[in-house]
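**Student:** Produce the entire structure from the sequences given, and follow the hints as far as they go.
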Amino acid sequence: MTRNSPFTSDERERVVASMISHSGLNQGDAEKLLASFEQRRSARDLHLERQWVTNLAAVCRAISEGRAQPPSLFAAVFWIRLYGVITDLRDRFRKASELHAMLVGNGKSLPLLISGAEVFSACTAIRDCLSDEELVFAAFLRHGHAHVYQDGFEYSVERGNPAAPALRTKTFVGTTGKHSSIEDVHAIVNQVMADHGNDDSAVALTFAKKLWPGISRLVDAMNTFFGECQADAPSDVARSSTGGELGR
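Each step along the sequence shown adds one to the number in numbering that gives the first Met the number 0, with nothing skipped, and position 242 is 241.
It cannot be assumed that every hint is accurate.
To be verified - Beta-carbon label-pair distances, calculated as ranges: (1) T168 with V147: 52 to 58 Å; (2) N222 with Y154: 39 to 45 Å; (3) L47 with P69: 23 to 29 Å; (4) V147 with A34: 15 to 21 Å; (5) A34 with D90: 15 to 21 Å; (6) D131 with K31: 30 to 36 Å; (7) R167 with V103: 24 to 30 Å; (8) D90 with A230: 32 to 38 Å; (9) Q229 with T205: 34 to 40 Å; (10) G23 with F171: 29 to 35 Å; (11) G143 with V103: 38 to 44 Å.
Since the hints were made in silico from the structure, they are not lab data. No residue lacks a Cβ here, since even glycine has one placed at the ideal position from N, Cα and C.
**Tutor:** See the structure below:
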């Protein structure tokens, strides 16, 4: 059994058996898939994940209620936290969702996987609440606020082929999972800004109001997941709460 596994030996055997039955994986591959979830769980920082979601909810609510002062500071945190939820946090909890689906296919699951799958679902619902254009805009704003130089969405010379240099005209957009042309990205950003009178605060307000129900759902899901992990390893969570960097 993997070190720090959330499952007992008996539970782990039942999970592997269900995975084999539902997906058709062989014993070795089922073991590897489950081990990857266990390893990610042991490596994750539960408090960082929870704080990330709590921060997003706090700035979203402040923006929605007109309490964000100074507005630019709240907006910067909002775009950075939103991007992280749609991309990194969602990807992190994908494995729990996949394992949960396999167990449900056999008529059963475990509380830890159920709660993890709900976090994934809540993150996905937030992403799906936005159009492709809005997702592109959110990625652009996050990039600008998270980096000193905003060059990820600009033309540049392709690297790695000095014999035949070419201009990079497309860029990968993390929120959509697709490549978009530089020209299209800037057209989208310009249009969204124009629709809001070129007022950054007005754009953040539109997004915050639209996303608040989904973000509120994510807060509940993360708290439930945190509670399941706390019940599974109370000494580790308590020690992190009182002695970790976030607990100070």
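**Student:** Hint by hint, note whether the structure agrees.
**Tutor:** We went through each hint and held it up to the structure:
For the pair T168 and V147, the beta carbons lie near 24 Å from each other, so the given range of 52 to 58 Å is not met. Checked against the hint of 39 to 45 Å, the C-beta distance between N222 and Y154 comes to roughly 44 Å, which is consistent with it. Between L47 and P69 the beta carbons are some 25 Å apart, a value that agrees with the proposed interval 23 to 29 Å. Between V147 and A34 the C-beta distance comes to about 39 Å, which lies outside the given range of 15 to 21 Å.
Here the CB-CB span from A34 to D90 is close to 18 Å, well matched to the stated 15 to 21 Å. Between D131 and K31 the CB atoms are about 34 Å apart, so this pair conforms to the stated range of 30 to 36 Å. Evaluation of the 24 to 30 Å hint for R167 and V103 yields a failure: the beta carbon distance comes to about 43 Å. Distance hint check: the CB atoms of D90 and A230 are about 25 Å apart, inconsistent with the given range 32 to 38 Å.
For Q229 and T205, the hinted distance range of 34 to 40 Å is satisfied, since their beta carbons lie about 36 Å from each other. Against the hinted window of 29 to 35 Å, the Cβ-Cβ separation of G23 and F171 comes to about 32 Å, which satisfies the hint. With their beta carbons about 41 Å apart, G143 and V103 fall inside the hinted range of 38 to 44 Å.
The earlier numbered hints that this structure contradicts are 1, 4, 7 and 8.
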